[in-house]
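Asker: Sequence:
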Amino acid sequence: MLRLNNDAWCDDPSVLKAHAITYFSELFTTSSRALPREDFCDGFSRIPHERLYELIRVVTLEEVRDVVFSMDPFKASGADGFQTVFFQRNWSTVGESVHRFAHDFFTTRVLPDDANRTLLVLIPKVPNPEKISQFRPIGLCTVLYKVVTKILVNRLKPFLSDWNKAWMAINVDLEKAYDRLE
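FYI, in my numbering the residues of the sequence shown are 1006 to 1187.
Source of the hints: derived by calculation from the structure; they are not laboratory data.
Incorrect hints may have been included.
[What the hints assert, rightly or not] Label-pair restraints from in silico Cβ distances:
hint : residue 1 : residue 2 : range
1    : 1011      : 1065      : 21 to 29 Å
2    : 1010      : 1096      : 45 to 53 Å
3    : 1057      : 1019      : 48 to 56 Å
4    : 1145      : 1020      : 48 to 56 Å
5    : 1067      : 1010      : 38 to 46 Å
[As the list claims (entries may be wrong)] Subject to a maximum C-alpha distance of 25 Å in a straight line, what follows is the list of computed PhoX-like cross-link-like pairs (lysine-lysine):
hint : residue 1 : residue 2
6    : 1130      : 1080
7    : 1022      : 1136
8    : 1155      : 1080
9    : 1151      : 1162
10   : 1022      : 1155
In this text, a Cβ means the ideal position worked out from N, Cα and C, and glycines have one as well.
Work out the full structure: start from the sequences and follow the hints.
Answerer: Structure, rendered in structure tokens:
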């Protein structure tokens, strides 16, 4: 049961669903049509061409295994219902398939639609929330999606230290960054 915008209490699932969709659609829709400033990237160094291969090199079985075993085994599962622990405990059976999935993504640069299915869940920001604004949406991604993402992040890390000083110069409105994408 939640309060709607008119302060009336509501427990009708279809009304609450429509209310949540409207609220979060407006929250995550930009109000600006401004293009990024051209000088935004001036503080960032460019990745030298000779180092670009590090980002797109062939994915190895060891790289995929390291990523899978570095993940928290009991994090919430995605829309497919599998937690990381399943892949860790059954690595001898599923490892090659997980590697093939990651390899295919880095080779074709195409992610199958099912791998990107995300379960959206509303998490309360406060005890006993009464309004939709007191919830935060989170996306529960599949383990395979997380594996590909983590490989990308691991490959980008060496470049991020070069950009650290430029990032420090960016002023962030924390509440907006936390609750809204602009």
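Asker: The structure should be examined with respect to each hint, and the outcome stated for every one.
Answerer: Do the hints match the structure? See the list:
no.	hint	result
1	1011 x 1065: 21 to 29 Å	violated (57 Å)
2	1010 x 1096: 45 to 53 Å	holds (50 Å)
3	1057 x 1019: 48 to 56 Å	holds (50 Å)
4	1145 x 1020: 48 to 56 Å	violated (25 Å)
5	1067 x 1010: 38 to 46 Å	violated (53 Å)
6	1130 x 1080	holds (19 Å)
7	1022 x 1136	holds (13 Å)
8	1155 x 1080	holds (15 Å)
9	1151 x 1162	holds (16 Å)
10	1022 x 1155	violated (32 Å)
Hint check: violations occur at hints 1, 4, 5 and 10; the rest are consistent with the structure.
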